[in-house]
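**Student:** Please take these sequences and the hints and turn them into a complete structure.
So for the sequence shown, the working numbering puts the first residue at 3; every next one is plus one.
Read the hints as simulated data drawn from the structure, not as lab findings. By construction, the Cβ of each residue, glycine as well, lies at the ideal position given by its N, Cα and C atoms. Where hints are given, some of them may not hold.
What the hints assert, rightly or not - Straight-line alpha carbon distances no greater than 20 angstroms define the calculated SDA-like cross-link-like pairs of lysine to any residue that follow:
hint, residue 1, residue 2
1, K87, G76
2, K85, S73
3, K87, L77
4, K87, L19
5, K87, R25
6, K85, L44
7, K87, V37
Said to hold, decoys possible - Restraint ranges, calculated between C-beta atoms of paired labels, are given here:
hint, residue 1, residue 2, range
8, L6, S78, 28 to 36 angstroms
9, F9, A70, 20 to 28 angstroms
10, L30, S82, 38 to 46 angstroms
11, F56, I81, 14 to 22 angstroms
12, S51, I81, 32 to 40 angstroms
13, V8, I92, 39 to 47 angstroms
14, S5, S89, 36 to 44 angstroms
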Amino acid sequence: MYSLTVFPYILFTISILGIIINRSNIILLLISIEVMLISISLNFLVLSSSTNDFTGLIVAVFVITVAAVESAIGLSIMISFYKVKGSVSIRFLNLLKG
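**Tutor:** Next up, the structure:
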């Protein structure tokens with residue numbers, strides 16, 4: 003049980019490091035944010051299973067739903083950005099107008 007409680011924190015730390023290291027590529031940034039949200043929902047699931055409470059399950063489903071919406075919006079912005087600029091680098095992101 004100890005390894006299950008530590009694993010979400012390790013995933014969260016890896017995703018924070020991914021955000022810090024890969025600040026120029028929007029695809030890797032979105033993947034790091036998704037891993038962060040999955041680690042948060044996994045943490046809710048582990049803690050709710052140890053206390054035999056369904057509240058953590060409900061919150062985890064809500065977090066996964068928000069993560070799906072966030073990834074759909076992020077990918078649509080990335081596709082439109084690639085069509086306009088021809089690159090997925092964040093360095094050109096401040097050039098978008100409209």
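**Student:** Confirm or reject each hint.
**Tutor:** Results for each hint:
1. For the hint pairing K87 with G76, the CA-to-CA distance comes to about 16 angstroms; that is within 20 angstroms, so the pair holds.
2. The straight-line distance between the Cα atoms of K85 and S73 is roughly 18 angstroms, inside the 20 angstroms bound, and the hint therefore holds.
3. Pair hint K87 plus L77 holds up; C-alpha atoms about 15 angstroms apart against a cutoff of 20 angstroms.
4. Between the alpha carbons of K87 and L19 the distance comes to roughly 27 angstroms, so the proposed pair goes past 20 angstroms and is violated.
5. The suggested pairing of K87 with R25 holds, with an alpha-carbon distance near 18 angstroms, which does not exceed 20 angstroms.
6. Distance hint between K85 and L44 is unfulfilled; the C-alpha atoms sit about 35 angstroms from each other, more than 20 angstroms.
7. For the suggested pair K87 and V37, the alpha carbons sit about 27 angstroms apart, so the restraint of at most 20 angstroms is broken.
8. For L6 and S78, the hinted distance range of 28 to 36 angstroms is satisfied, since their beta carbons lie about 35 angstroms from each other.
9. A C-beta distance of roughly 22 angstroms is found between F9 and A70, which places it inside the suggested range of 20 to 28 angstroms.
10. Evaluation of the 38 to 46 angstroms hint for L30 and S82 yields a failure: the beta carbon distance comes to about 19 angstroms.
11. Between F56 and I81 the CB atoms are about 38 angstroms apart, so this pair departs from the stated range of 14 to 22 angstroms.
12. At about 38 angstroms, the beta-carbon gap between S51 and I81 stays in the expected band of 32 to 40 angstroms.
13. Checked against the hint of 39 to 47 angstroms, the C-beta distance between V8 and I92 comes to roughly 32 angstroms, which is inconsistent with it.
14. With their beta carbons about 41 angstroms apart, S5 and S89 fall inside the hinted range of 36 to 44 angstroms.
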